[in-house]
Amino acid sequence: MTTKFTTRSFVALVLLALLGVAFWTLAAGYTPDAELNRTAAYYAENTARETGAQNIVTAIIVTYRGLDTLGEVTVLFLTAAIVALVLGQSKAPRGGSGSGFLPSGELLQTGTKMLLPIIMLFGAYVFVNGHLTPGGGFQGGAILASGILLLLLAEPKRRFGHALISRVESVSGLVYVLIGIAGIVLAGGFLDNRILPLGTFGALLSAGAIPLIYTLIGLKVGAEFSSILESLEETEDA
Amino acid sequence: MLPTIAMATGFALILMGLYGALTHRNILRMILGFTIASTGVNVVLVSVGYMPGRTAPIMDSAVPVADAAARVIDPVPQALVLTAIVIGLGVTALMLAYAYRLFRIRHSLDISKFTELKW
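Residue numbers (UniProt numbering), protein chains in the order written: chain A, 1 to 238; chain B, 1 to 119.
Incorrect hints may have been included.
As the list claims (entries may be wrong) - Restraint ranges, calculated between C-beta atoms of paired labels, are given here:
{"#": "1", "chain 1": "B", "residue 1": "25", "chain 2": "A", "residue 2": "39", "range": "38 to 48 Å"}
{"#": "2", "chain 1": "A", "residue 1": "41", "chain 2": "B", "residue 2": "103", "range": "46 to 56 Å"}
{"#": "3", "chain 1": "A", "residue 1": "29", "chain 2": "B", "residue 2": "29", "range": "29 to 39 Å"}
Stated by the list, open to error - With the Cβ distance kept under 10 Å, some of the chain B side facing chain A (calculated, not the full set):
{"#": "4", "residue": "12"}
{"#": "5", "residue": "28"}
{"#": "6", "residue": "54"}
{"#": "7", "residue": "56"}
{"#": "8", "residue": "75"}
{"#": "9", "residue": "85"}
{"#": "10", "residue": "117"}
Keep in mind the hints are simulated off the structure, nothing from the lab.
All C-beta atoms in this analysis are idealised placements derived from N, C-alpha and C, irrespective of residue type, glycine included.
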């Protein structure tokens, strides 16, 4: 067993050394560009005029490559669905112990009551301001889900409304697609943000539909992450 | 200098993660190895977009709209990495769910206990 283990790790080390040589040549021959390439320069020059967003990364994700983001959200939805499917068969009985059979402490419970509203507010702040500051729907959604995780840790026996989470998730996904189709009808194409006025550059309610779309993405991502966490939490202890 | 350090760190993380995933026998440790490797890939991608003397691709008071193209770093790798992080999280969640199912079957997380696909 021991010799087998060492041969195995030796082979792994040799392979990784080869990969490391490849990485070394990549890193050694790398010089940072002095100029933006054509795609990036286009985004840098035209983001403000075409989308009205301050954050160029947000403009790329929500508007220029909006279809890819829709696909990404779909992948997340699929992940949440498959996790629920895989773990659904071994769900703890209702009111049963679940994985969190240890009661949480007073400190965690009180802390959760105080922190949860602030975490939720911060998540909403991050996804509403996605077009102005670093942040956006995915980050904000992850913050919302971290609040849900805190709640799950503080009250392990509590069962959340699956119905509420899946309703938030499906409604926000549906409205996201409808906004995309409205872009075809009212503006230049699928998920075009100019269905709403672009507004003042740098204001909270500006950049057309970007704050709306990012809010929907934030809710959807938050609901998906929460449902993944919940599926993992509700499993029965083996 | 800065992108070289970031890139070397990223490559080192990839190699460390893959080494952990290849040598450990515990499924949870293998998942952890994959997560570390994917973090390394993200660090390398972000470091490729870095350009010396430039700032983040957000047009505020520090970066006037008119000469944004000369002042900001490449925003495309950052958008890519955002996607990669989210997909990486989905992959990790799936791996953990399957690890739980495997644990339910064998009551063990040792990969050498699972011999069905071995030859």
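The hints, checked one at a time:
1. B:25 x A:39: 38 to 48 Å: Holds, at about 45 Å.
2. A:41 x B:103: 46 to 56 Å: holds (51 Å)
3. A:29 x B:29: 29 to 39 Å: holds (34 Å)
4. 12: The hint holds - residue 12 of chain B has a Cβ within 10 Å of chain A, the shortest such distance being about 9 Å.
5. 28: This interface hint is violated because 13 Å lies over the 10 Å limit.
6. 54: holds (9 Å)
7. 56: holds (7 Å)
8. 75: Check passed: Cβ of residue 75 of chain B comes within 4 Å of chain A, closer than 10 Å.
9. 85: Residue 85 of chain B check passes; min Cβ-Cβ to chain A is 8 Å, inside 10 Å.
10. 117: violated (17 Å)
The structure fails to meet hints 5 and 10 from the earlier list, while all remaining hints are met.
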